[in-house]
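Asks: If you want the building blocks of each chain, they are given just below.
Number of protein chains: 2
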Amino acid sequence: MTLPPSISLPDLSHERFSVEYILSGSAAAAQAAAQKMTVEQTVEFPQEALPAGDIADELVGRIEAFEPLEGGRQRAVISYAVETAGRDLPQLLNVLLGLSSLLPGIRVNRLLEIPDALLNQYQGPRFGPAGLREIVGVYDRPLICTAIKPMGLSSEQLADLAYRCARGGIDIVKDDHGIGNVVWSPFEERMARVAEAVERANAETGRRAIYAANVSGPQDQIVERALIAKQAGAGAVMAAPASDGLDAIRVLASDEEIGLPVLSHPTLSGVFLAAGEASSGFSHALYYGQLQRLAGADSVIFVNMGGRFPVSEEDIANLLDACRAPMGDLPPVMPMPGGGMTLPRVPALLEFFGRESIFLMGGGLHTASPDLEGNVEAFLRAVGG
Amino acid sequence: MTLPPSISLPDLSHERFSVEYILSGSAAAAQAAAQKMTVEQTVEFPQEALPAGDIADELVGRIEAFEPLEGGRQRAVISYAVETAGRDLPQLLNVLLGLSSLLPGIRVNRLLEIPDALLNQYQGPRFGPAGLREIVGVYDRPLICTAIKPMGLSSEQLADLAYRCARGGIDIVKDDHGIGNVVWSPFEERMARVAEAVERANAETGRRAIYAANVSGPQDQIVERALIAKQAGAGAVMAAPASDGLDAIRVLASDEEIGLPVLSHPTLSGVFLAAGEASSGFSHALYYGQLQRLAGADSVIFVNMGGRFPVSEEDIANLLDACRAPMGDLPPVMPMPGGGMTLPRVPALLEFFGRESIFLMGGGLHTASPDLEGNVEAFLRAVGG
Numbered sequence: 001m002t003l004p005p006s007i008s009l010p011d012l013s014h015e016r017f018s019v020e021y022i023l024s025g026s027a028a029a030a031q032a033a034a035q036k037m038t039v040e041q042t043v044e045f046p047q048e049a050l051p052a053g054d055i056a057d058e059l060v061g062r063i064e065a066f067e068p069l070e071g072g073r074q075r076a077v078i079s080y081a082v083e084t085a086g087r088d089l090p091q092l093l094n095v096l097l098g099l100s101s102l103l104p105g106i107r108v109n110r111l112l113e114i115p116d117a118l119l120n121q122y123q124g125p126r127f128g129p130a131g132l133r134e135i136v137g138v139y140d141r142p143l144i145c146t147a148i149k150p151m152g153l154s155s156e157q158l159a160d161l162a163y164r165c166a167r168g169g170i171d172i173v174k175d176d177h178g179i180g181n182v183v184w185s186p187f188e189e190r191m192a193r194v195a196e197a198v199e200r201a202n203a204e205t206g207r208r209a210i211y212a213a214n215v216s217g218p219q220d221q222i223v224e225r226a227l228i229a230k231q232a233g234a235g236a237v238m239a240a241p242a243s244d245g246l247d248a249i250r251v252l253a254s255d256e257e258i259g260l261p262v263l264s265h266p267t268l269s270g271v272f273l274a275a276g277e278a279s280s281g282f283s284h285a286l287y288y289g290q291l292q293r294l295a296g297a298d299s300v301i302f303v304n305m306g307g308r309f310p311v312s313e314e315d316i317a318n319l320l321d322a323c324r325a326p327m328g329d330l331p332p333v334m335p336m337p338g339g340g341m342t343l344p345r346v347p348a349l350l351e352f353f354g355r356e357s358i359f360l361m362g363g364g365l366h367t368a369s370p371d372l373e374g375n376v377e378a379f380l381r382a383v384g385g
Numbered sequence: 001m002t003l004p005p006s007i008s009l010p011d012l013s014h015e016r017f018s019v020e021y022i023l024s025g026s027a028a029a030a031q032a033a034a035q036k037m038t039v040e041q042t043v044e045f046p047q048e049a050l051p052a053g054d055i056a057d058e059l060v061g062r063i064e065a066f067e068p069l070e071g072g073r074q075r076a077v078i079s080y081a082v083e084t085a086g087r088d089l090p091q092l093l094n095v096l097l098g099l100s101s102l103l104p105g106i107r108v109n110r111l112l113e114i115p116d117a118l119l120n121q122y123q124g125p126r127f128g129p130a131g132l133r134e135i136v137g138v139y140d141r142p143l144i145c146t147a148i149k150p151m152g153l154s155s156e157q158l159a160d161l162a163y164r165c166a167r168g169g170i171d172i173v174k175d176d177h178g179i180g181n182v183v184w185s186p187f188e189e190r191m192a193r194v195a196e197a198v199e200r201a202n203a204e205t206g207r208r209a210i211y212a213a214n215v216s217g218p219q220d221q222i223v224e225r226a227l228i229a230k231q232a233g234a235g236a237v238m239a240a241p242a243s244d245g246l247d248a249i250r251v252l253a254s255d256e257e258i259g260l261p262v263l264s265h266p267t268l269s270g271v272f273l274a275a276g277e278a279s280s281g282f283s284h285a286l287y288y289g290q291l292q293r294l295a296g297a298d299s300v301i302f303v304n305m306g307g308r309f310p311v312s313e314e315d316i317a318n319l320l321d322a323c324r325a326p327m328g329d330l331p332p333v334m335p336m337p338g339g340g341m342t343l344p345r346v347p348a349l350l351e352f353f354g355r356e357s358i359f360l361m362g363g364g365l366h367t368a369s370p371d372l373e374g375n376v377e378a379f380l381r382a383v384g385g
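As you go down the protein sequences, you meet chains P and E in turn. Under our numbering, residues 1 to 385 are what the first sequence spells out, in order. Under our numbering, residues 1 to 385 are what the second sequence spells out, in order.
None of the hints are false.
Now the in silico label distances, taken between C-beta atoms and shown as ranges:
#  : chain 1 : residue 1 : chain 2 : residue 2 : range
1  : P       : E313      : E       : S6        : 39 to 45 Å
2  : P       : A27       : E       : P115      : 50 to 56 Å
3  : E       : G53       : P       : G354      : 40 to 46 Å
4  : E       : A32       : P       : P344      : 21 to 27 Å
5  : E       : L69       : P       : A27       : 34 to 40 Å
6  : E       : G71       : P       : Q31       : 29 to 35 Å
7  : E       : S6        : P       : P344      : 26 to 32 Å
8  : E       : E314      : P       : E313      : 35 to 41 Å
9  : P       : S6        : E       : E377      : 22 to 28 Å
10 : P       : G137      : E       : E196      : 55 to 61 Å
Don't read these hints as lab results, they were simulated from the structure. Glycine included, every Cβ here is placed at the ideal spot set by N, Cα and C.
Given the sequences, and given the hints that come with them, work out the whole structure.
Replies: Below is the structure:
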């Protein structure tokens, strides 16, 4: 052998976290895939050349359960030593899926058991529902949010939209995800204009609407943009974990100087979802729920069923559960369904998502009637405000 | 209308880049999807409420070509105003796929025309093949690379592996992607040990092997880790765009103080690939080739056909082409096939990938014989060294 015949790791905590996978294919094929995953996502080394002892016994993943599901798929639970996930999100992603993402038909469905040794590495949402409510001063109904767009509008025009929405009673006015630092609305200029517009509306209405600034962009500028946004008067920041990297959410959420709520935007997130039998990826619950919560998103935006994108009620229900179910001491993430919402659909949203949610309506507020402020007022009334 | 009836954007360059998509489904369904994408990935606004003028005419994507392909799929070419892609990679990803990633069956196949106005925003690979060859002092054969692993080994043990590989004639010794900052091998400690071991071997052999340090991890520590690695004597850095965010590659490649070659690792990258009819994502050529090249990777690691992962020869051939075909003034990216390579397969690799490549063998060097140094010598001979 090229390595010592046996290796012992006396410092191992022997604490393990476990992950539920849904695997495509026959039981035999899925069993073989699960076996492969235990190695691929951890030691990534030929098993015949692996030293005996703790590396083979503890660091290689362990299949804890395996059972057939209806519809010809299989459920596998694999546990991993907490230490394999390192101390950061990219390394956790390596262990959850990593190179196995290149194998077909693996859905990483749910983090099942997460010992404190792993959970304690993550601060989670700084504000969560309680903190967000305190900031906007709304306690007894869902919050409402809109995006200022389309791209091509000037900062003045975007600020005017923000003003009218805040006048109408919106709680959160967010940038469109497509509007970061664009020629028609340079980042710094927009921060100043929009934050001022929201503040002016607040002074008139007595409400406490906030502006959520899209700080998605170059990794070495995200924190700087967030600080510029804060300085200008923005009340929250937004980034997109699928394009910015999941850790961008953690960086924003944990930075003491920024200290603002963080919204997680779903652009490009479809690639992270397992779609169809051949594709590998994450479930809605794990990607939008558990991972964003570990990273520290105070609210996660996702596309809702019945809108412009296909998604199942079951996936959304599981996502909701992952946002809210106990997860150590981490506060819940406030779910923010969007993606084709219209005023007539608000009652159904209320029934499904409940009060502890944020409802996002973008284009729908521009098609309901020519009166944007009036449309926002109607949105507010529809959620009980 | 809630917006001005017409908007003119006098500053528009009227330069457009065009993107080839392969769409699943019937011609009618794919045509409808393409139409939707022109809006979803740009203005994301109800078309009936969109101001007339430049936003509707220029910022909304434009279908430039549409034709059926064999096998019931459709090819669409969509062009976008350069300005919609903003000035950064996350925003480019928004326009290439963005929220449409949540629609089924969209494969972003290739950037076709990329005007200088867009290309000039990216520095691309700092070294490329010529620069890499100069660093390791090898001009007449493919370079060879290995990874030191498995996780669980101490920094001393990893350094010993690196020493033996460098003695055998490896050009690049890289960290395993699963070994960043782990308890058994803390980052700083490993940098010092492994860099020293490679340097010691170089002093003995007269070669110029380099250590490529895995700096994947927290976004706010990547640059710092790269600088620690450089200080310790590492000759290259590695990050994983799928888990760290694509822009991590650009940050590393463009930082003057770091100034080291950048390797792009494929962990988690399977989620970014379109797999099967239902899944949306990128082609191998676009994800591993064009995007990494824009970001500035000097070499891109990907899993090769015939190894542990399923991948078609056509996808790999297109990837190769994207690494090497002219792309403005950007240097080529050196392709680094890996993922289950063994010594007997080297001649076939040579024939397919040619001399201007880096061959990566990890586990295969540990199973060929118990003599790691001898196995590397055989690897070197097999590529003509």
